[in-house]
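Student: Here are the chains, one letter per residue:
2 protein chains.
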Amino acid sequence: MLSKRQEISNCAARLFRKKGYKATSMRDIAEAMNMKAASLYNHISSKEELFSELLLKMATLFTIGMEEIAQSSLSTADKLERLIALHVKLTVEHTDAISLISGEWVHLPESSAAEYLKHRDSYEKEFRTIIDQGKKEGIYKDIDTDIILFSLLSTLRGLYSWYSKNKDYNSIELERQMINCLTHGINK
Amino acid sequence: MLSKRQEISNCAARLFRKKGYKATSMRDIAEAMNMKAASLYNHISSKEELFSELLLKMATLFTIGMEEIAQSSLSTADKLERLIALHVKLTVEHTDAISLISGEWVHLPESSAAEYLKHRDSYEKEFRTIIDQGKKEGIYKDIDTDIILFSLLSTLRGLYSWYSKNKDYNSIELERQMINCLTHGINK
DNA sequence: GTCTATAAGTCGATAGAC
DNA sequence: GTCTATCGACTTATAGAC
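Top line first, the protein sequences correspond to chains D and U. Per the working numbering, the first sequence starts with residue 126, numbered consecutively. Per the working numbering, the second sequence starts with residue 126, numbered consecutively.
Hints are computed from structural coordinates only; laboratory data are not their basis. It cannot be assumed that every hint is accurate.
Which copy? The list can't say, so a pair holds if one copy fits it or any two copies do.
[Claimed, not checked] DSSO-like mimics (lysine-lysine), calculated; alpha carbons at most 27 Å apart, straight line:
| hint | residue 1 | residue 2 |
| --- | --- | --- |
| 1 | Lys-172 | Lys-144 |
| 2 | Lys-243 | Lys-292 |
| 3 | Lys-144 | Lys-182 |
| 4 | Lys-161 | Lys-144 |
| 5 | Lys-250 | Lys-143 |
| 6 | Lys-292 | Lys-260 |
| 7 | Lys-250 | Lys-266 |
| 8 | Lys-143 | Lys-172 |
| 9 | Lys-292 | Lys-250 |
| 10 | Lys-243 | Lys-147 |
| 11 | Lys-266 | Lys-290 |
| 12 | Lys-144 | Lys-292 |
| 13 | Lys-172 | Lys-182 |
| 14 | Lys-161 | Lys-147 |
| 15 | Lys-261 | Lys-161 |
| 16 | Lys-214 | Lys-144 |
| 17 | Lys-250 | Lys-290 |
| 18 | Lys-172 | Lys-147 |
| 19 | Lys-172 | Lys-129 |
| 20 | Lys-182 | Lys-143 |
Every value quoted in this text rests on a predicted model; they were computed, and no experiment measured them.
Work the whole structure out from these sequences, hints included.
Tutor: So, in structure tokens, the structure goes:
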């Protein structure tokens, strides 16, 4: 049983994704919840807080997942596979909220934006370290690290869009296909 | 010498990209143009028109480029390379406007949205045909065509973001790296 | 905890002087 | 073609009855 607060959050994520944060009004969220806009404020304190919470939760999940992988004793190739699997898992479990990461984060209030970007930058930095390590070990092609990183992240961050139209796709098979599709592009 | 109308359009594209369409006010655009908001209406007829024009222009450029490639007698592999080159070229020449394609298009008014999606769907359909042809010829791996398509398009559509931070990167070299990075993922 | 009513501000767009 | 002034609609959020 979800708390009403959590129901509102899920509902908002769905609308933010569909219409964008700025174009989604508190009245829209209230209508989808069968309430009046004013009643929402008994459960949340502001629209910005609702939005920041969604994005910072996702950023934290990525940070935790990345730390586990980066600090493990897995091989470099296995680390990359686990990273792809992490994106697949979070996409399946938080499809709406994860969609906000690509573009909607610009609407974060200044206070949250700083914390969000800290998560994001450190995630990308650790991702880059893994790619560089693979190149050093000679298992990856000599393509500009930043181009590899941007290419992988673009695809992984856009996965929510593909997954939404293919929710019946077996999620283990999806993980396998993504790993296959993304890693063979850089393997020697 | 740009017409004032074109200056406003470029200015709006930059702001739409930075702050999002809904969060960019006519007053914001006017300020960046050193005018008052009311004066903008001597050159454009509405904010929606300004936005629709930007997105439909990009959609048309992609459609024209795709038609030339699809109807050519190039090999399948060369067609894909030309397609990647088309994205690189349009990204370099229209960095701000192209950024709106990924997420901001949802703010198109209903009238323009239909036309925009017609362009987009037909573009993706022809892209899919090229990938399928390559698989039939045995030059591409047996990965789900839709996954290949989504993976390529995610990266190509996100290129504006990478390019913005690397504007000094030689654009011929960028094209070569993108082709290398994207095609080796699916080549047998 | 939900409602009605409303405050206080911003939005796109127009009217009309110059 | 630019300006000031303003309209009417919409926004987030609050006050206070029930």
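Student: None of the hints should be skipped; say for each whether it holds.
Tutor: Do the hints match the structure? See the list:
1. Lys-172 with Lys-144: So Lys-172 and Lys-144 pass the 27 Å test inside a copy (15 Å) and across (18 Å) alike.
2. Lys-243 with Lys-292: between (32 Å within a copy, 24 Å between copies)
3. Lys-144 with Lys-182: both (21 Å within a copy, 22 Å between copies)
4. Lys-161 with Lys-144: So Lys-161 and Lys-144 pass the 27 Å test inside one copy only (19 Å; across, 29 Å).
5. Lys-250 with Lys-143: between (30 Å within a copy, 23 Å between copies)
6. Lys-292 with Lys-260: For Lys-292 and Lys-260, only the inter-copy Cα distance (25 Å) is at most 27 Å; the intra-copy one is 35 Å.
7. Lys-250 with Lys-266: within (19 Å within a copy, 31 Å between copies)
8. Lys-143 with Lys-172: The answer is both: 16 Å in one copy and 21 Å across copies each meet 27 Å.
9. Lys-292 with Lys-250: For Lys-292 and Lys-250, only the inter-copy Cα distance (21 Å) is at most 27 Å; the intra-copy one is 31 Å.
10. Lys-243 with Lys-147: Cα proximity of Lys-243 and Lys-147: in one copy and across copies (23 Å, 26 Å).
11. Lys-266 with Lys-290: between (33 Å within a copy, 23 Å between copies)
12. Lys-144 with Lys-292: within (21 Å within a copy, 31 Å between copies)
13. Lys-172 with Lys-182: within (16 Å within a copy, 34 Å between copies)
14. Lys-161 with Lys-147: both (19 Å within a copy, 24 Å between copies)
15. Lys-261 with Lys-161: Answer is neither; intra-copy 58 Å and inter-copy 56 Å both fail.
16. Lys-214 with Lys-144: within (24 Å within a copy, 30 Å between copies)
17. Lys-250 with Lys-290: Only across copies: Lys-250 and Lys-290 sit 16 Å apart there, 31 Å inside one copy, limit 27 Å.
18. Lys-172 with Lys-147: Both: 10 Å inside a copy, 16 Å across copies.
19. Lys-172 with Lys-129: within (15 Å within a copy, 38 Å between copies)
20. Lys-182 with Lys-143: Both: 19 Å inside a copy, 24 Å across copies.
Consistency with the previously given hints fails for number 15 only.
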